[in-house]
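Asker: Given only the sequences and the hints, what does the whole structure look like? Please build it.
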Amino acid sequence: DAKTTQPNSMESNEEEPVHLPCNHSTISGTDYIHWYRQLPSQGPEYVIHGLTSNVNNRMASLAIAEDRKSSTLILHRATLRDAAVYYCILFPYGQNFVFGPGTRLSVLP
Amino acid sequence: DAGVIQSPRHEVTEMGQEVTLRCKPISGHNSLFWYRQTMMRGLELLIYFNNNVPIDDSGMPEDRFSAKMPNASFSTLKIQPSEPRDSAVYFCASSLDRPLGQYFGPGTRLTVT
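Residue numbers (my numbering), protein chains in the order written: chain L, 75 to 183; chain S, 767 to 879.
There's no promise every hint is true.
Said to hold, decoys possible - Simulated restraints on C-beta separations:
1. S:G782 <-> L:P175: 31 to 39 Å
2. L:L113 <-> S:T842: 20 to 28 Å
3. L:T100 <-> S:Q846: 24 to 32 Å
4. S:R830 <-> L:E88: 42 to 50 Å
5. L:E90 <-> S:G808: 27 to 35 Å
6. L:N131 <-> S:Q783: 40 to 48 Å
7. S:Q846 <-> L:A139: 45 to 53 Å
What the hints assert, rightly or not - Per the computed footprint, the stretches of chain L lying under chain S, defined by three or more beta-carbons under 8 Å from a beta-carbon of chain S, are:
8. 115-122
9. 172-179
It should be emphasised that the hints constitute simulated quantities derived from the structure, not laboratory data.
Built from N, CA and C at the ideal position, the CB exists for glycine as well.
Answerer: Structure, rendered in structure tokens:
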């Protein structure tokens with residue numbers, strides 16, 4: 075299974091941008107990069123995904139390195155509601171998701 | 767949109783009993799996934815359906831677990847007989863197509879005593 079590496083935890087101040095890193099050095103050309111988050115006592119929530127180009131949606135931005143061996147999820151203005159575990163997942167074509175331990179993001183008021 | 771609907775939200779049962787978890791995916795989605803989450807093992811994919819056909823059930827822990835998808839709007843995950851180690855939160859998710867984002871239901875918290 076294609077693997078990702080994320081920091082165990084990060085802290086951010088409210089209303090500041092947050093950059094959540096993810097390393098995936100064994101990524102292959104057909105692997106999609108997915109990000110999900112899980113708020114306390116809730117199911118995982120889809121955030122964003124991309125293949126090669128940077129992506130933006132209403133929740134976040136995804137910056138993908140040129141060699142695709144790393145990516146960064148960007149929350150432009152953190153709110154208390156963004157406190158969650160963030161999962162970076164590679165979705166290999168023909169295979170299925172493997173959720174790692176993710177990054178626990180704390181947002182300080 | 768109603769999102770992915772799961773029932774029941776909570777289930778408490780005794781060891782040896784049969785448990786059936788239900789899922790209604792988002793209308794129009796052709797991929798459905800069942801996951802299990804525990805503190806020890808995190809989120810694990812159990813089985814994946816595409817167009818109502820089971821594609822990969824390699825994550826199903828053992829023969830006590832079975833899943834069906836009789837039509838595009840309904841799926842079940844059955845555990846028979848249940849054991850205490852099956853206690854977990856079970857999530858159902860659906861996606862429009864396999865490589866696209868998955869949308870998760872609220873989960874069913876199963877407790878087997």
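Asker: Work down the list of hints and note, for each, if the structure agrees.
Answerer: Outcome of the hint check:
| no. | hint | verdict |
| --- | --- | --- |
| 1 | S:G782 <-> L:P175: 31 to 39 Å | 33 Å, holds |
| 2 | L:L113 <-> S:T842: 20 to 28 Å | 27 Å, holds |
| 3 | L:T100 <-> S:Q846: 24 to 32 Å | 39 Å, violated |
| 4 | S:R830 <-> L:E88: 42 to 50 Å | 46 Å, holds |
| 5 | L:E90 <-> S:G808: 27 to 35 Å | 29 Å, holds |
| 6 | L:N131 <-> S:Q783: 40 to 48 Å | 43 Å, holds |
| 7 | S:Q846 <-> L:A139: 45 to 53 Å | 47 Å, holds |
| 8 | 115-122 | holds (count 6) |
| 9 | 172-179 | holds (count 4) |
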